[in-house]
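Trainee: What follows is the residue order along each chain.
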Amino acid sequence: MSSQNLANVPADFQGPIHGLSGDPILLARLRELGFIRGEWVVLKGRVGFGDPILVTIGNMTVALRRREAECVLV
Amino acid sequence: MRSGVVALVGSPNSGKTTLFNWLTGSRFKTVNYPGATVEYSLGHSQERFGDPVWVMDTPGTYSLNPKSPDEEVTRRAIFEHEAHGAARLVVSVVDATQLARHLFLTRQLMESGFHVIVAVTMSDLLAERGERLDIQRLESDLGVPVLAVDGRLGGGVPELLERVRQRLDQTASQPAQPKPLAPWDETKIEEIFHLNSQLGRAVTGPLTTSGADGSASRSDQKAPGAAARVRGVTQLWTERLDRFLLHPVFGLVFFFLIMGTLFSGIFWAAAPLMDAVDQAFSFVGESILATSPESLWAQLLSNGVIASLAAVLVFVPQIFILFVGIAFLEDSGYLARSATLIDKPLSLLGLGGRSFVPLLSGYACAVPAMMAARTINSPRERWLTLFIIPLMSCSARLPVYALLLAFVFHGESAWKGGVALAAIYLASLFVGAIAAVLVGRFVKTKDRSFFMLELPVYRQPHFTHVLRQAWTRTSNYVKRAGPPIFAFALLIWLATTFPNYKMEDPTERLNTSFAGQVAKPIEPLFEPMGGDWRTGIGLISAFAAREVFVSSLAIVFQIAEGEDDATMQDTLLTKMREAKAPNGYPLFTLASVLGLIVFFMIALQCLSTVIVAAREFGGWRTAIVQLVVYNIVAYVLVVVLVQGLRAIGIA
Ligand SMILES: Nc1nc2c(ncn2[C@@H]2O[C@H](COP(=O)(O)OP(=O)(O)OP(=O)(O)O)[C@@H](O)[C@H]2O)c(=O)[nH]1
Numbered sequence: 001m002s003s004q005n006l007a008n009v010p011a012d013f014q015g016p017i018h019g020l021s022g023d024p025i026l027l028a029r030l031r032e033l034g035f036i037r038g039e040w041v042v043l044k045g046r047v048g049f050g051d052p053i054l055v056t057i058g059n060m061t062v063a064l065r066r067r068e069a070e071c072v073l074v
Numbered sequence: 075m076r077s078g079v080v081a082l083v084g085s086p087n088s089g090k091t092t093l094f095n096w097l098t099g100s101r102f103k104t105v106n107y108p109g110a111t112v113e114y115s116l117g118h119s120q121e122r123f124g125d126p127v128w129v130m131d132t133p134g135t136y137s138l139n140p141k142s143p144d145e146e147v148t149r150r151a152i153f154e155h156e157a158h159g160a161a162r163l164v165v166s167v168v169d170a171t172q173l174a175r176h177l178f179l180t181r182q183l184m185e186s187g188f189h190v191i192v193a194v195t196m197s198d199l200l201a202e203r204g205e206r207l208d209i210q211r212l213e214s215d216l217g218v219p220v221l222a223v224d225g226r227l228g229g230g231v232p233e234l235l236e237r238v239r240q241r242l243d244q245t246a247s248q249p250a251q252p253k254p255l256a257p258w259d260e261t262k263i264e265e266i267f268h269l270n271s272q273l274g275r276a277v278t279g280p281l282t283t284s285g286a287d288g289s290a291s292r293s294d295q296k297a298p299g300a301a302a303r304v305r306g307v308t309q310l311w312t313e314r315l316d317r318f319l320l321h322p323v324f325g326l327v328f329f330f331l332i333m334g335t336l337f338s339g340i341f342w343a344a345a346p347l348m349d350a351v352d353q354a355f356s357f358v359g360e361s362i363l364a365t366s367p368e369s370l371w372a373q374l375l376s377n378g379v380i381a382s383l384a385a386v387l388v389f390v391p392q393i394f395i396l397f398v399g400i401a402f403l404e405d406s407g408y409l410a411r412s413a414t415l416i417d418k419p420l421s422l423l424g425l426g427g428r429s430f431v432p433l434l435s436g437y438a439c440a441v442p443a444m445m446a447a448r449t450i451n452s453p454r455e456r457w458l459t460l461f462i463i464p465l466m467s468c469s470a471r472l473p474v475y476a477l478l479l480a481f482v483f484h485g486e487s488a489w490k491g492g493v494a495l496a497a498i499y500l501a502s503l504f505v506g507a508i509a510a511v512l513v514g515r516f517v518k519t520k521d522r523s524f525f526m527l528e529l530p531v532y533r534q535p536h537f538t539h540v541l542r543q544a545w546t547r548t549s550n551y552v553k554r555a556g557p558p559i560f561a562f563a564l565l566i567w568l569a570t571t572f573p574n575y576k577m578e579d580p581t582e583r584l585n586t587s588f589a590g591q592v593a594k595p596i597e598p599l600f601e602p603m604g605g606d607w608r609t610g611i612g613l614i615s616a617f618a619a620r621e622v623f624v625s626s627l628a629i630v631f632q633i634a635e636g637e638d639d640a641t642m643q644d645t646l647l648t649k650m651r652e653a654k655a656p657n658g659y660p661l662f663t664l665a666s667v668l669g670l671i672v673f674f675m676i677a678l679q680c681l682s683t684v685i686v687a688a689r690e691f692g693g694w695r696t697a698i699v700q701l702v703v704y705n706i707v708a709y710v711l712v713v714v715l716v717q718g719l720r721a722i723g724i725a
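First to last, the sequence lines map onto chains A and B.
Residues 1 to 74 (our numbering) make up the first sequence, in order.
Residues 75 to 725 (our numbering) make up the second sequence, in order.
These are calculated hints, taken from the structure and not from any lab test.
What you are looking at is a predicted structure, and each value in this text was computed from that prediction instead of being measured.
Cβ coordinates follow ideal geometry from the N, Cα and C atoms, glycine included.
Some hints here could point you the wrong way.
[Said to hold, decoys possible] Which bits of chain B does chain A cover? Going by a derived footprint, with three or more residues having C-beta under 8 Å, they are: (1) 132-141; (2) 262-269; (3) 323-331; (4) 417-429; (5) 662-675; (6) 678-685.
[What the hints assert, rightly or not] Cβ-Cβ distance ranges computed for the label pairs, FRET-style: (7) B:313 <-> A:50: 48 to 58 Å; (8) B:725 <-> A:45: 35 to 45 Å; (9) B:599 <-> A:8: 53 to 63 Å.
[Said to hold, decoys possible] To be clear about the criterion: a stretch of chain A counts as covered by chain B if any three or more of its residues have a C-beta under 8 Å from a C-beta of chain B, and this derived list gives those stretches: (10) 4-13; (11) 39-51.
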């Protein structure tokens, strides 16, 4: 498993999710939103104050706080 | 009519409310903001679709293991509705472009033991991409009926209802007995999700061929294929707009521009309307009084009932305009973006992006604002948001500030008052921020706050939609806040009129009234604030609704009718200037008026807010703590301010 997560990858990142790790409640919600091992994510950028970050997964764009993005290993 | 309720359940923004409106013919708000439905609504299907059935719209939820209060509303409404019990049938509303994710909830519903029918929405967005769904295949795979409905034109709705009735009859002898679902673990979620993605890919095919082929080659083109997916025009536009609207720099500039426009709009557009409402009610009141000035009933009707009604209704224009603005932003899809943009600064205060809409609504009225706070999924953020909403400068404070500022800036150019008013509004933001930080220290709940907001595609707002949404919310406000405001306003009138209602001299009547009897002994309480018992009556009556302060001052200072040469306000200002405190000095001075302004900024004087707060906090305790804390803090601050100013020579 790689040590990269969605919060520390370069701005033009895209790739599959390797796994999730962190607070179980956060993980449960992330999974319900479709952050599942093997799914393809594209980093879209950050908003004005540097947080949240924007991520596309499936057909959907989601805004994630850094803390949440850190749970998504890529 | 068949018994039992058919519940519409689906992820946020899947199109439930739109479908509900088609089914029932009602005009409920449908908005392009995830989680806009915070309470379920019940209605029956339209007669023209045949034998009606009861339909329930529920707040959007991602799963049956709720993580926010509005999701909990859904869970309770479908499992254990207090009047109808468990839902007889669940229509699982699924966005055709989000099949893999949305079918997740469908599977949970099925596993819980509900009778399920799937309604697929947004097929037009799929068609934009040149794709279509193989409904038959989806149906045979899921093992439950699946129907497509068109949220824009209403196609498929009669067929859906026909199916619903069929299912209701088929299952009449064996009603669903759903069991609450234990949270699924990781492997189960992954398994279901993969099942759904595969199914999604298998049933989605190009528009041109008659059916989608679910061959292995399709389901194999996994990750990279998904990224390179064809985009529909709606999605393309959304991406283009977002590049600008969520741009690190322009995004913020645009955000402040929009909010600035919304705000100034509220005030400029609403002012003449509010005046009109006010004048209309004064006119009716005076006309009634003119018919029989002596009759107690005429007085009750005019000064009691009509004036109290006016207290409720003057704010309607402003609240309506605010809601039009919010509805417009919601419908377009921008509101979710603005919540995202503002999340960081708000989270420094212990709040979050989802607190933004409730706080914004708080500038119109705390009552709808507190209800809007249900979409905040983190208990801590929601609690804090509820706590500081009353500090937002609601419209009921405006008449009070207007009067007090007119007093301070008497005879000076108008812009000074305007600047001062803007300063008060900004100051209320600061006070709110400080309160959030201070109160946040006492909230010890383990913070599980998360943001994770889905950004819907941009849609062109429909003007009629927007107006309807704004109207629904405004009438909700009138229904909820109206009765208490009305009741308290009436109570204050009774207390200031009786027992000596026969007395000729209104000032004497007031002096000896119940209110006077209550206020006089506690006059020492108001003296350090730079007031006397008359200010006290004003402040106490402001608990009905803040703006009642102005009208009760008018009663206290005996604004006689018929002085046509001066407006009500001028007369009142003159009387205020002439009023003497018990020690012989002027009652209203710069210091005491500033004190009053600060008091109105902080004190929680609105009893309808307290009632709603009790409901939203889930108990009276917190609501009463909130009431007591804000009033004590306001009082102490005002005393310090007034005495401090006096100490340095500013009376
Ligand atoms: N293009 C298209 N738009 C639709 C369709 N159905 C609904 N919409 C739009 O999708 C948005 C969301 O619809 P709602 O009915 O408010 O969704 P909801 O599921 O009730 O949302 P919540 O109340 O937030 O849970 C609105 O802007 C609708 O106008 C459809 O079939 N096609």
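Trainee: Hint by hint, say whether it matches the structure.
Mentor: Status of each hint after checking the structure:
Here's how the region 132-141 of chain B fares: 4 of its residues keep a CB closer than 8 Å to some CB of chain A, so the rule of at least three is met and the hint holds. Residues of the region 262-269 of chain B lying with their CB closer than 8 Å to a CB of chain A number 4, which satisfies the three-residue condition for coverage. Check result for the region 323-331 of chain B against chain A: holds, 4 residues qualifying (beta carbon to beta carbon below 8 Å, three or more required). Coverage of the region 417-429 of chain B by chain A holds in this model, with 5 residues showing a Cβ closer than 8 Å to a Cβ of that chain against a need of three.
Counting residues of the region 662-675 of chain B whose CB lies closer than 8 Å to any CB of chain A gives 0, which falls below the minimum of 3, so the coverage claim is violated. Restraint check on the region 678-685 of chain B versus chain A: 0 residues with Cβ-Cβ distances below 8 Å, three needed, restraint violated. Distance hint check: the CB atoms of residue 313 of chain B and residue 50 of chain A are about 21 Å apart, inconsistent with the given range 48 to 58 Å. Between residue 725 of chain B and residue 45 of chain A the beta carbons are some 57 Å apart, a value that contradicts the proposed interval 35 to 45 Å.
Checked against the hint of 53 to 63 Å, the pair residue 599 of chain B and residue 8 of chain A passes, with Cβ atoms roughly 58 Å apart. Under the rule that three or more residues need a Cβ within less than 8 Å of chain B, the assignment of the region 4-13 of chain A is violated, with 0 such residues. As drawn, the region 39-51 of chain A meets chain B at 11 residues by the rule of a beta-carbon pair under 8 Å; at three or more, the given contact holds.
The structure shown violates the earlier hints numbered 5, 6, 7, 8 and 10.
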